[in-house]
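Participant: Letter by letter, the chains look like this.
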Amino acid sequence: MSPQPQAAVGVPLSRVDGRLKVTGKARYAAEFDVDGVVHAVIVDASIGRGRITGVDTRDAEAHPGVLRVIHHGNAPKLPYRDNPGSNNLPGRRLRVFQDDKVLFHGQPVAVVVATTLEAAQHGASLVKVRYEAEQPSTDLAEAKAGEPTEYARGDAEAGLRDSAVRMDLTYRMARNHHNPMETHATIARWDGNKLTVWDKTQWVVGTQTELSTVFDVPLDSVRVINPFVGGAFGSGLRCWPHTVVAALAAREMKRPVKVVLTRKQMYFGTGFRPRYEYRLSLGSDRRGRLKATVHEIDAETSSYETFEEAIMLAGQMFYSTPNVSQAYRKVPLDVNSPIWMRGPGFANASFAIESAMDELAHRLRVDPIELRLRNEPAEDESNNLPWSTRRLRECYTVGAREFGWHRHNPKPRARRDGDWLVGLGMAAAVYDPNNMEAHARARLNADGTAVVEAAASDMGPGTYTSQTQVAADALGLTMRAVTFRLGDSLYPQTPPHGGSMTMMCVGSANLDACNKIRRQAIKLAVEDEASPLYGAKAEDIVVRSGRLHVQGNPARGETYQRLLTRNNLTHLEADGSWSGPQDPERHSYYSYGAVFTEVGVDAALGLVRVRRMLGVYDCGRIVSPKLADSQALGGMVGGIGQALLEHTVTDHRDGRIVNADLAGYLVPVNADIPEIKAIYLEGEDMQADPLGVKGVGEIVQVGVASAIANAVFNATGRRIRELPITAEALL
Amino acid sequence: MHPFSLTKAANTREALNAGRKGGRYIAGGTTLVDLMRETVERPETLVDISDLPLREVSVTERGGLRIGALVSMAESAAHPKVRSLFPVVSEALELSASAQLRNMATIGGNIMQRTRCTYFRDVTADCNKREPGSGCAALHGFNRMHAILGASDVCVATHPSDVAVAFAALEATVHLLGPDGERTVPFADFLLRPGNTPNREQALRKGELITAVEIPALPRPLKSGYLKVRDRQSYEFALTSAAVALHIRSGVIREAKVAAGGVGTVPWKLPAVEKHLVGERPSESLWAAAAERAADGARPLDHNRFKVALLKRTVERQLRIVGGTK
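Heads up: the protein sequence lines correspond to chains A and B, in order. Residues in the first sequence are numbered consecutively from 1, following the numbering used here. Residues in the second sequence are numbered consecutively from 1, following the numbering used here.
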């Protein structure tokens with residue numbers, strides 16, 4: 001942080017953009033008024049694999065209002081240059097309308113452009129596409145895996161052999177979709193060779209680089225704008241085909257074009273959390289100390305790209321284990337490419353590992369928390385680095401106390417409430433906050449207001465608010481005097497808004513820029529004979545509410561306004577940056593947590609209802625407590641969905657997703673959400689970054705599904721190793 | 001959505017005229033408009049009947065209840081007479097859909113609603129109900145939510161309504177008005193099993209309009225209630241459900257009305273269960289023995305085998321909730 005007093009950071013403030021949102025004035029991608037815009041609706045492939053043998057557009061084109069139908073037979077060839085700096089996955093990205101191949105059910109095969117949305121929709125239903133269909137391969141359980149990514153230390157097989165206790169367990173996790181409220185949308189407009197795009201994205205810079213490479217135009221001739229995101233959970237982490245479709249259609253039509261995906265199209269037009277099979281063998285001594293673990297992990301990916309996420313890390317670093325071996329196999333299927341989803345990797349790894357630890361605890365008759373404490377590592381055993389901060393023990397202690405863990409009866413089926421069996425469960429959580437280079441630019445105006453700009457995003461966690469808090473304190477201004485702007489690729493570059501890195505990376509760059517300005521102003525004052533601060537020591541000066549003064553002597557000082565005006569300065573400006581990870585790293589940085597839950601199970605009817613839940617988190621400094629609390633509640637709700645409801649179902653006969661809407665893909669509703677509570681341990685991690693933060697948004701979904709599954713076991717004696725946990729598994 | 005024209009009927013005569021010419025009636029539109037958006041339904045003409053005088057709930061001379069076709073689900077559920085005479089109807093309605101939908105949707109529309117079968121709702125899939133002769137993708141597809149009772153080889157879709165299960169249990173009648181005048185159809189005959197014509201779902205003649213649903217009088221005291229088992233606690237269709245009404249006098253069950261939802265191609269009346277109950281004294285073992293008959297004739301599919309056991313347990317549970325244990 002800085003020597004500045006903290007007036008905003010750490011204070012539970014409401015969202016600075018809350019009023020805009022509740023009054024409908026916050027403009028989302030599809031809502032921008034762009035003169036002359038026409039509407040485009042994408043036609044999705046209705047086969048799971050094969051080729052297009054013909055596209056009959058006559059009826060569509062005859063429909064009043066339809067301007068054109070674009071498909072592989074008439075679309076221009078696009079350069080599709082490589083884009084190594086993006087979130088594109090290894091492989092060959094899907095190229096829209098460039099050939100006759102169908103790689104998955106729902107792939108865009110044509111687009112209908114019309115003067116009205118209704119005409120475009122109807123036109124799309126009139127396009128007749130003929131196919132030569134092949135049998136798609138979409139079943140993880142049936143398909144052949146690719147080459148594994150491996151990790152090993154010690155001799156895991158020998159470790160297992162020599163262990164007094166050995167368990168071989170298989171966990172399965174369904175495919176999940178993000179389902180943000182706002183569906184993905186793009187408006188694209190070309191002015192000569194310059195392209196402006198309003199796009200729902202968690203990374204305007206990512207969309208900018210992708211469009212620049214797809215169309216082979218200079219980076220600075222593409223501008224991407226997206227000030228508000230109506231939820232994303234990862235679905236906006238890369239530029240999807242429909243964004244290219246919008247830009248392609250706009251160029252062909254020589255008019256701005258808007259594409260809004262339907263809810264159904266969100267199931268194959270954007271990514272998903274892949275389905276997993278996680279086979280875990282663990283060996284321990286009779287006291288439960290782990291000797292060896294073997295992790296065999298299979299996950300879905302597409303036939304054209306290889307999706308990887310941090311599924312392996314938890315198995316390497318979380319518990320002290322001398323012998324570990326892991327093989328992570330990506331199974332190419334005739335599906336669209338997956339993408340990161342909240343708590344990526346860890347939310348699934350933890351279901352396997354934390355369920356297994358619960359199974360081990362039960363088998364050894366050891367309290368689940370005690371078992372975990374017996375396996376606490378002194379350092380990160382995957383790289384022998386010391387922890388920056390790891391306050392997991394405190395998470396357990398605080399959580400156990402606040403939740404009433406002493407009421408946990410290790411014997412299943414011990415507690416009953418009418419028709420409900422009641423059980424308690426807990427799980428540990430961990431997340432590796434990402435860390436990448438970021439920039440920000442700050443400007444302090446002579447009127448005492450300031451603006452900070454960064455090409456960041458706010459998909460809901462409250463970036464606008466928390467970054468304003470950081471800037472306000474660093475500049476010594478009130479929240480009102482500071483405006484934080486984001487969501488425009490013209491602003492200084494930032495990493496993707498995901499991976500729990502926005503506060504660490506953008507926040508540190510923002511802090512850097514604002515600290516520079518404050519120091520400039522202080523330098524100006526102490527060197528200015530006309531200033532009451534002339535001759536004072538720079539390090540003794542603080543700024544509060546826009547007034548610089550000597551610490552401990554508030555009378556001696558002056559405002560930014562006076563200082564800048566007297567010096568004939570319209571403003572002070574500074575660029576700030578965060579350089580990303582140290583090289584080499586000196587510490588191992590993770591966020592931690594412990595999740596406790598009580599569930600009721602109506603065993604006769606196969607119903608699971610979460611009755612209460614508590615998450616205790618070690619996330620370093622909490623910049624914006626009210627919003628961090630909302631993050632935790634949202635993450636836990638997401639975890640309840642993952643545990644009990646969320647499941648994208650594919651019909652393997654033709655690769656169709658059969659529940660591609662919110663009636664078929666269930667997410668929790670209010671009635672499913674009981675009393676849930678989050679506690680963040682007070683503190684900071686100054687090894688991690690100048691703000692002392694470790695990231696909040698991802699970890700809060702981790703551990704929830706395993707805590708629920710463990711509670712279901714405690715309630716019923718039934719160990720469910722497959723997500724979601726549904727009635728048929730419990731009957 | 002395919003282009004269509006919309007007319008508003010000022011009175012019943014106008015509505016019937018438009019209906020006779022092939023117009024589709026629309027009231028709350030909560031099902032029809034959805035399906036039009038998906039192009040599952042492609043009506044050329046819609047006839048808005050929301051101005052017709054069919055918004056009354058009244059007690060019949062003999063103590064039954066007549067609910068006008070245009071009474072909203074929310075109004076029906078909250079109506080004091082419905083609540084006091086037939087709680088099973090109120091409960092079934094309140095456990096349906098969402099508050100917003102219940103405010104829009106009508107009783108007549110509710111019993112006309114079409115299946116939630118995902119293949120029916122996806123125009124690129126084979127569906128005999130939507131496109132006779134095209135095949136049934138659900139039969140060997142993902143059929144967890146589908147019927148275990150009343151299905152045929154050409155269609156296994158469930159009827160999604162909750163309140164229709166209560167109506168079936170209570171042996172309601174449907175009042176119809178057509179070009180040839182009024183008639184009433186027993187509820188059991190109104191909704192049709194798929195057989196070889198799953199596209200034909202109701203015993204409606206061309207242009208006929210539902211004017212009311214009438215629940216016959218039942219001996220009092222009558223206890224009744226509805227249990228809905230579903231994956232999430234609100235805004236979701238039933239895996240299984242049970243509507244139960246019992247008339248118990250002097251400790252003996254004199255009348256039993258039982259039907260199940262979420263399991264049949266139509267709301268599934270359970271006469272074998274009813275028969276098992278009548279003349280007996282309430283007990284845990286009676287409920288279990290009666291419920292054992294709930295899945296008689298069930299033919300489960302690949303993904304809904306669990307429904308056989310779940311149905312029995314749902315009926316058993318609801319018998320106990322309504323009938324008590326002693």
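Be careful, since some hints might not be right.
[Claimed, not checked] Chain A side only, calculated, beta carbon under 10 Å to chain B, not exhaustive:
1) G50
2) V422
3) Q551
4) G552
5) T650
6) A660
7) P668
8) N670
9) E722
10) E728
[Claimed, not checked] Below, computed lysine to aspartate or glutamate pairings styled on DMTMM-like, alpha-carbon distance capped at 25 Å:
11) A:K101 with B:D126
12) A:K264 with A:D139
13) B:K269 with A:E728
14) A:K264 with B:D126
15) A:K626 with A:E682
16) A:K626 with A:E118
17) A:K128 with B:E131
18) B:K8 with A:E728
[Unchecked claim] Chain B regions said to be covered by chain A (calculated; three or more residues, Cβ under 8 Å):
19) 167 to 178
20) 302 to 313
Hints are computed from structural coordinates only; laboratory data are not their basis. Quick caveat, the model's predicted, so the values are computed rather than measured. For each residue, glycine too, the CB sits at the ideal point set by N, CA and C.
Participant: Next step is simple, just say for each hint if it's right about the structure.
Facilitator: Hints, verified against the model:
Proximity of A:G50 to chain B is violated relative to the hint, the smallest CB-CB distance being about 14 Å (cut-off 10 Å). Proximity of A:V422 to chain B is violated relative to the hint, the smallest CB-CB distance being about 17 Å (cut-off 10 Å). For A:Q551, the shortest C-beta to C-beta distance to chain B is roughly 56 Å, which exceeds 10 Å, and the interface hint is violated. At about 58 Å, the closest approach between the beta carbon of A:G552 and any beta carbon in chain B exceeds 10 Å, and the interface hint on this residue is violated.
With a cut of 10 Å, the hint placing A:T650 at the interface with chain B holds, because the nearest CB-to-CB distance is about 8 Å. Taken as an interface hint, A:A660 checks out: its beta carbon lies about 8 Å from the nearest beta carbon of chain B, inside 10 Å. With 10 Å as the threshold, the beta carbon of A:P668 comes within range of chain B, its nearest partner Cβ sitting at about 6 Å, so the hint holds. Checking A:N670 against chain B: minimum C-beta separation of about 7 Å stays under 10 Å; hint holds.
Using the Cβ-Cβ criterion of 10 Å, the hint placing A:E722 at the interface with chain B is not satisfied: the shortest such distance is roughly 14 Å. Because the beta carbon of A:E728 sits about 4 Å from the nearest beta carbon in chain B, less than 10 Å, this interface hint is met. Taking the CA atoms of A:K101 and B:D126, the gap is about 23 Å. The hint holds against a cut of 25 Å. At most 25 Å may separate the alpha-carbon atoms for a hinted pair to count; A:K264 and A:D139 meet this at roughly 21 Å.
The suggested pairing of B:K269 with A:E728 holds, with an alpha-carbon distance near 24 Å, which does not exceed 25 Å. Restraint check for A:K264 and B:D126: the C-alpha separation of about 18 Å stays at or below 25 Å, so the hint holds. The hinted pair formed by A:K626 and A:E682 meets the criterion: a straight-line CA distance of about 14 Å does not exceed 25 Å. At roughly 42 Å between alpha-carbon atoms, A:K626 and A:E118 are farther apart than 25 Å, so this suggested pair is violated.
For the hint linking A:K128 to B:E131, the alpha-carbon distance of about 17 Å falls within 25 Å, and the restraint holds. As the CA atoms of B:K8 and A:E728 are separated by approximately 47 Å, the hinted pair breaks the 25 Å bound. Coverage of the segment 167 to 178 of chain B by chain A is violated. Counting CB-CB distances below 8 Å, 0 residues qualify, and the rule asks for three or more. Coverage of the segment 302 to 313 of chain B by chain A holds [criterion: at least 3 residues with CB-CB distance below 8 Å; count 5].
Figure legend: structure checked against the earlier numbered hints; hints not met, in rising order: 1, 2, 3, 4, 9, 16, 18, 19.
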